[in-house]
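Visitor: Sequence:
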Amino acid sequence: MFADVAFPISNFITFTYKIPKNLVHDVKIGSRVNVQFGPRKTQGIITELNTKSSFAGKLKEIDGLVDDLPIMTQELWKLIQWMSEYYLTPLGQVGKAVLPKNLSTRYNPPKNWMVQPIITGDDDLEAVKKRAPKQYDLYQQILKTEKPIKVSSLKELASNPLTGCRGLEKRGLVSIFEETSLPDVTGFTFDPIHKKVEFNKHQKTVVAAIIQSLDSKNYSPFLLHGVTGSGKTEIYIEAVRHCLDQSRTAIILLPEISLTPQIAGRFRAVFGDSIALWHSKLTQAQRSWTWKEICKGSFKVVIGARSAVFAPLKDLGLIVIDEEQESSFRQDAPAPRYHARDVALMRATYEGSSVVLSSATPSLESYYNYLHKKLTYLHLPERFGGAKYPQVHLVDMLGDQEESGKFGQIISGLLQDKIEDRLQKKEQIILLQNRRGYSPVVRCGDCGEIVMCPQCKVALTYHRKGSQLICHCCGHFETKQREACGSCKSPNMKYSGTGTQRVESLIEETFPDARLGRLD
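Going by the numbering used here, the residue at position 234 of the sequence shown is 214; the numbering climbs one at a time, nothing skipped.
Calculated directly from the structure, the hints in this document are not laboratory data.
Honestly, I wouldn't trust all of these hints.
Here are the in silico distance ranges between beta carbons for each label pair [as the list claims (entries may be wrong)]: (1) Lys445 <-> Lys474: 16 to 26 Å; (2) Gln226 <-> Lys127: 28 to 38 Å; (3) Lys127 <-> Tyr357: 57 to 67 Å; (4) Tyr357 <-> Pro492: 33 to 43 Å; (5) Cys454 <-> Pro492: 33 to 43 Å; (6) Cys453 <-> Leu411: 56 to 66 Å; (7) Cys454 <-> Val372: 17 to 27 Å; (8) Lys81 <-> Lys353: 54 to 64 Å; (9) Ile(-7) <-> His456: 51 to 61 Å; (10) Pro314 <-> Pro50: 48 to 58 Å; (11) Ser260 <-> Asp195: 50 to 60 Å; (12) Asp397 <-> Met432: 32 to 42 Å; (13) Glu41 <-> Cys454: 49 to 59 Å; (14) Ile9 <-> Asp195: 25 to 35 Å.
Owing to the predicted nature of the structure, the values given are computational and were not obtained by experimental measurement.
Where a beta carbon is used, it is the ideal one built from N, C-alpha and C, also for glycine.
Just need the whole structure built from these sequences, with the hints factored in.
Guide: Here is the structure:
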């Protein structure tokens, strides 16, 4: 038997190797192998198996398999081949991007001792209070939470809380058990959610359409156009729940996992430890362990950034791309330079899955595909729970002079009135200004020359505190205030523009009793 092997190099050529007898029944298309390639040993991926070779000379043998278990499904291998052709990238480079570097890397997820209270009678507690007051204090702290807590979180009450908890366990007051800490380094912890969500009529229509497509088990792409706050996450959860009821799996793609922890949190709260997170903050060992556990079927739902589209889930039923218009779904470097949205659509065709492209502001590409009948359009025009949008006032600071308050062109009269109204109601206010410092530009009133950074050639910003001129690009600063123009020597220096310090100064003067804080 012979195998064609591709390597992660910028070349579409594959190389033929002989399969040793002890590996004939183990190697498959898509398997990663260790081979001698030129003067060095390296990894490659098998692209084809043959019983004969057209090469008349002596062939090198495959040294061995890289992985001790199948690391991808047939559908995922088809996807790799499609990406190679569509994105004009050698198979070896695509395989390197899709698969973790080394699945043999050892990783044992840490385990935590957990303790949960057992409600008992007052007589038992009185006995503990008299004989073991420290254990009694521990139990009172444990009682404050209905859910299990880490034993290590009780160190403030006892130098060895595990020993104290074991004493409580012997008295029948608590139960202690070990819990594996899954590799989600962002530290998501969430309470289970049991309440039933009541969908509005628009949500019911969307859920019904997605569930119908899941029942058909055919490729079904949707464009879900829902306004901000329309309850799209609840629809994802309901769709995933139905998918799991069918013994199928799901992938949820997010623009950036660290920016949207609330979505991952909602899923973990509903589906528990069947959720795997896949993102750039995982170590190589954690990625390898997570990949293997997905291959074993330990996880049914994968949530992550664009690379999660390659998760080796079997029986994939649903892919959701949240905020599909985001540019972060596109990989520009290194090769393959792919778009996770398009890869998800193609993977769904191989898997017979439903795909939901979701956004409050759909991309032009997706909307174009809807107009050309390539996507089914679903619409959520209302915010969930009857929530209303805040009232927005667009103020013409130049054209409508009546809108100018005592702050001139910095804060309008309308905004001043709104601030006064909210302060009288003891409410809080946030003012956003897109410039730091006091004046972003210092210039000569006569010749117009602007004071520039000598290194970056950008305008220096005047900071009132310390009377400093600071460059926000390189950090260059001048502590001596400019008294005259460096060009024409005129003392007529103008401090133009509005920074956060100027806004702060105006608010302090006008509302001296208001507590004010500046963040920049």
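Visitor: For every hint, state whether the structure bears it out.
Guide: Hints, one by one, checked against the model:
no.	hint	verdict
1	Lys445 <-> Lys474: 16 to 26 Å	20 Å, holds
2	Gln226 <-> Lys127: 28 to 38 Å	30 Å, holds
3	Lys127 <-> Tyr357: 57 to 67 Å	41 Å, violated
4	Tyr357 <-> Pro492: 33 to 43 Å	55 Å, violated
5	Cys454 <-> Pro492: 33 to 43 Å	37 Å, holds
6	Cys453 <-> Leu411: 56 to 66 Å	25 Å, violated
7	Cys454 <-> Val372: 17 to 27 Å	38 Å, violated
8	Lys81 <-> Lys353: 54 to 64 Å	42 Å, violated
9	Ile(-7) <-> His456: 51 to 61 Å	53 Å, holds
10	Pro314 <-> Pro50: 48 to 58 Å	26 Å, violated
11	Ser260 <-> Asp195: 50 to 60 Å	35 Å, violated
12	Asp397 <-> Met432: 32 to 42 Å	39 Å, holds
13	Glu41 <-> Cys454: 49 to 59 Å	58 Å, holds
14	Ile9 <-> Asp195: 25 to 35 Å	32 Å, holds
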